[in-house]
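Those protein sequences? They're chains E and A, same order as listed. Going by our numbering, the residue at position 477 of the first sequence is 477; the numbering climbs one at a time, nothing skipped. For our numbering, add 506 to where a residue sits in the second sequence, where the first one is 1.
Please note that the accuracy of each hint is not assured.
Pulled a few chain A residues facing chain E out of the computed Cβ check, cut under 8 Å [said to hold, decoys possible]: (1) LYS668; (2) PRO671; (3) GLU672; (4) ALA718; (5) ALA726; (6) SER729; (7) ILE733; (8) THR785.
PhoX-like cross-link-like pairs, simulated, lysine-lysine; straight-line CA separation at most 20 Å [to be verified]: (9) E:LYS417 to E:LYS262; (10) A:LYS709 to E:LYS110; (11) A:LYS685 to E:LYS117; (12) E:LYS262 to E:LYS179.
Rather than coming from a laboratory, the hints here were simulated on the basis of the structure. Here a beta-carbon is modelled for each residue, glycine too, at the ideal position from N, C-alpha and C.
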Amino acid sequence: MTEYIVEMKQITKSFPGVLALDHVDFSIKPGEVMALLGENGAGKSTLVKILSGVHTRDEGEIYIYGKEHKGDITPVSARELGIAIIHQELNMCSHLSVAENIFLGREICKSGRLAKKEMNNESAKILDRLKIDIHPETIVGNLAISKQQMVEIAKALSTDAKILIMDEPTSALTNKEIKELFSIIRTLRDEGRSIIYISHRLEELQHIVDRVTIMRDGKFVLCDDFANLTMENIISNMVGREIKEKFPRVQCPIGKKILSVKNLNAGRMVRDISFDLYEGEIVGIAGLMGAGRTEMTRALFGIDPKDSGEIFLEDKEVKINKPLDAINNGIVLAPEDRKKDGLCTGLSVRDNIALPNLDIICNKLSVVNHKKETEMVDEATSKFSIKMPNSDVSAASLSGGNQQKVVVAKWLARDSKVVIFDEPTRGIDVAAKVEIYNLMNQLKQQGIGVLFTSSEMPEILGISDRMIVMCDGRITGELNTAEATQNKILEYATRFEKKLESEQSA
Amino acid sequence: METQVNNKKTNLLKRIMMTRGMGQVITVGSGLIVLCIVFGMINPNFYSSANVTNLLRQIAPILLIGVAQSYVLITGNIDLSIGSVVGMSTMISATLMSKGYMSPIPAMLITLLFCLLIGATNGYLVAKCKLPPFIATLGTMTIARGIAQIVNNNYNTDSIMKFFPEEAQTFKNFFYYGKTAGLYNTIWIAIVFWFIFNFLLSKTRTGRHIYAVGSNIEAARLSGVNIVYTTIKAYLVSAFCACIVGFITCATVGQGTMDAGTGYEMYAVAASVIGGVSTLGGQGILLGTVIGASVWGVLQNGLQFAGAPVAIRNIVVGVIVVMSVLVDIVVRSGRRRKKNVLAKY
Ligand SMILES: Nc1ncnc2c1ncn2[C@@H]1O[C@H](COP(=O)(O)OP(=O)(O)OP(=O)(O)O)[C@@H](O)[C@H]1O
Ligand SMILES: [Mg+2]
């Protein structure tokens, strides 16, 4: 008998053209939270997918509860072994209800008939335990992303698993939900369950993690108690080198006004938005999840119809009714949800990068200039060090973080006047984050206006020169870097209208 | 939370409204009522009891193949072999009977076996071999039609009454000519199978898996749903329904005709999508298919009654198919934001 509940030894896995895992060791004890860390494409997701039966290993041994597990693990046998996984990418049947998703594949039946009531009640209990206020009969596709993520977590918890894998569970959650999740993780740990926790938000680790395993380039690097490691240790082991500045900052003089938005209204989540953007500055848009930041960028870019409002570009009014208008005027948007909006996952990386830039790389007869295309793609992929065998592989085969890099890269391959990033660093590792920050700084130095939204406070504080705080579809405050603090941002970000009214009447 | 769930139970009307896919069923259902009123005004005989029972009997086979196609569409696939399986079922059963090889019941069983084989092949090719459903079922469609032609050496069969006059008469009455409780048996057959398959789809685990596979195949797989079995089951239901329609056709004509069921796969798509079944999978209910099949039948029958030639009927039906889906899309995109626009850029 060993003290470990799961032991994976010398696991190797290759995909066409990539060695994703190269003799990796991994083990976890009962009742501990193990962080699994590494850069984008290090093989974290692949490793846990082998444990949960999504992928099969090429080589290596797996011991579960001290017994060797010979053949391949399948999703069903993983569930029987008490292993549950929350996937990095949302994996829900959007047409089905919350309860139907939670019980998918293990429906409760009574003499052949689905026991709908039982499943609804059971789901309601689990959701209650997570303090999520969702009716179990709600259709999942109608929920906000963060709520869908909570449903995914509820689904994993509902199986009463002994080993729980969480692949970046917090990347789409609100602060309140993250807190809730952490307290659940602690309860689960105290019940003797083991949790494998993957995240690029290193500041989260201190709240929950007992031990840390670090991987780099598909290889095992180290495994140690969290208490024995410093943050610098962790980062340099992940990246393989020191990262000096987590938030590089360059100063440049503020120039003339580039973009000016006046009284923009679009639906319920964008109300009376006005702001200016100057040459040589990065403006961060802060706010809680659901504050209307994404909706605002979408309206600005012409995806969602506007109800009213004016947009001025270099003091000339422009009409933006569809994305093409925005692109032609030099405004681009790197959207938040890469799977749905950002990428054509069936196409190659090359095609994805070329797609918005076809006007540049085609000649007058609209024939693609292959040489120009290759140049552009090579430049873009090397600038972001996108990890892939070559640019002809499908975008879907990249690791989550590298997909995000492709989304950003495809927009930066062309010259623009204003670049809007919606959560550009979601799911991206520390080193790549710095690369994206550097890029934003570079744009700023070139006199391009940069607008970005982020849910990570340190990032907003560290990168932007000025920040706009949104709450409930309205701008509730504007701060300069010098005067901004986390508390101030939070205060603005929670200024709901009701609260305002009660303040005024008081 | 729990009380909420129970509260919902009490309010039946609200529950019905909340059922998935009800929206389109209600819209198209109202359209159907309007159609009936209009045709009634054009020709009052539209409401004669003779015409109504006749109309219902016309709708019955369309409903069955509609159910067949709906099952497959909900898994996110398509079945182009339905029409050929109808033809194959007619020809095999008619050949066995008219040549005196077998009386109707064993003949039907043998026929059913062949039809289910086609269904299983469809499911296997699509789910296991990962062939695009359009291609796979295009192949089996041609094969099944070929079988229909070859069983009787490229001729339509003789009358099925030749060797087993008594049993064959029962067969004809059972599937087409007889009446039970004032309604033609064909209608009863459609109703019974509709209830069975509606139950299977909405109340059982298999049904739930069919929706899940169509909605997000990857999520279903990761949740431990057996994609291959589920897909095969949907195609088997499809082949089963097509087989029954083949019997109905055989009973109607009294002999086997090689081109029986030609074009039915598309009528089936029409009945499904008019009733709100999404061709993209994961969406739709069989109640919608009833409405869809009825719209189809009423249009055909009503236009015929109003004296419109076949060509006009075809054009009108085509327009209605496109319109009903278009309306649904417009209604939905009004409600939801156009979320997929960005991927294009
Ligand atoms: N289905 C697949 N087909 C081909 N290659 C794949 C597939 N899945 C992963 N890979 C490759 O395997 C490597 C490891 O990917 P993995 O998703 O495990 O990384 P990760 O550590 O989870 O990264 P991230 O932090 O970005 O999520 C990557 O180079 C990726 O391109
Ligand atoms: Mg990953």
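Structure-based check of each hint:
1. This hint is violated: LYS668 (chain A) has a C-beta 43 Å from the nearest C-beta of chain E, more than the 8 Å allowed.
2. Nearest Cβ of chain E to the Cβ of PRO671 (chain A): about 41 Å, over the 8 Å cut. The hint is violated.
3. Below 8 Å, beta-carbon pairs count as interface contacts, and GLU672 (chain A) has none with chain E, the closest being about 38 Å; its hint is therefore violated.
4. Interface hint status for ALA718 (chain A): upheld, as the beta-carbon distance to the closest one in chain E is roughly 5 Å, under 8 Å.
5. Taking 8 Å as the C-beta cut-off, the interface hint given for ALA726 (chain A) holds, the closest approach to chain E being about 7 Å.
6. Interface restraint check for SER729 (chain A): the shortest CB-CB distance to chain E comes to about 4 Å, inside 8 Å, so the restraint holds.
7. Residue-level restraint check for ILE733 (chain A) is violated (minimum Cβ-Cβ distance to chain E is 11 Å; threshold 8 Å).
8. The interface hint given for THR785 (chain A) is broken, as the beta carbon of that residue sits about 14 Å from the closest beta carbon of chain E, more than 8 Å.
9. A distance of roughly 18 Å separates the Cα atoms of LYS417 (chain E) and LYS262 (chain E); the hinted pair therefore holds under the 20 Å criterion.
10. Simply put, LYS709 (chain A) and LYS110 (chain E) have alpha-carbon atoms about 10 Å apart, close enough for the 20 Å limit, and the pair holds.
11. Pair hint LYS685 (chain A) plus LYS117 (chain E) does not hold up; C-alpha atoms about 40 Å apart against a cutoff of 20 Å.
12. A C-alpha spacing of about 37 Å is found between LYS262 (chain E) and LYS179 (chain E), which places the hinted pair above 20 Å, so the restraint is violated.
In this structure, the earlier hints numbered 1, 2, 3, 7, 8, 11, 12 are contradicted, and the remaining ones agree with it.
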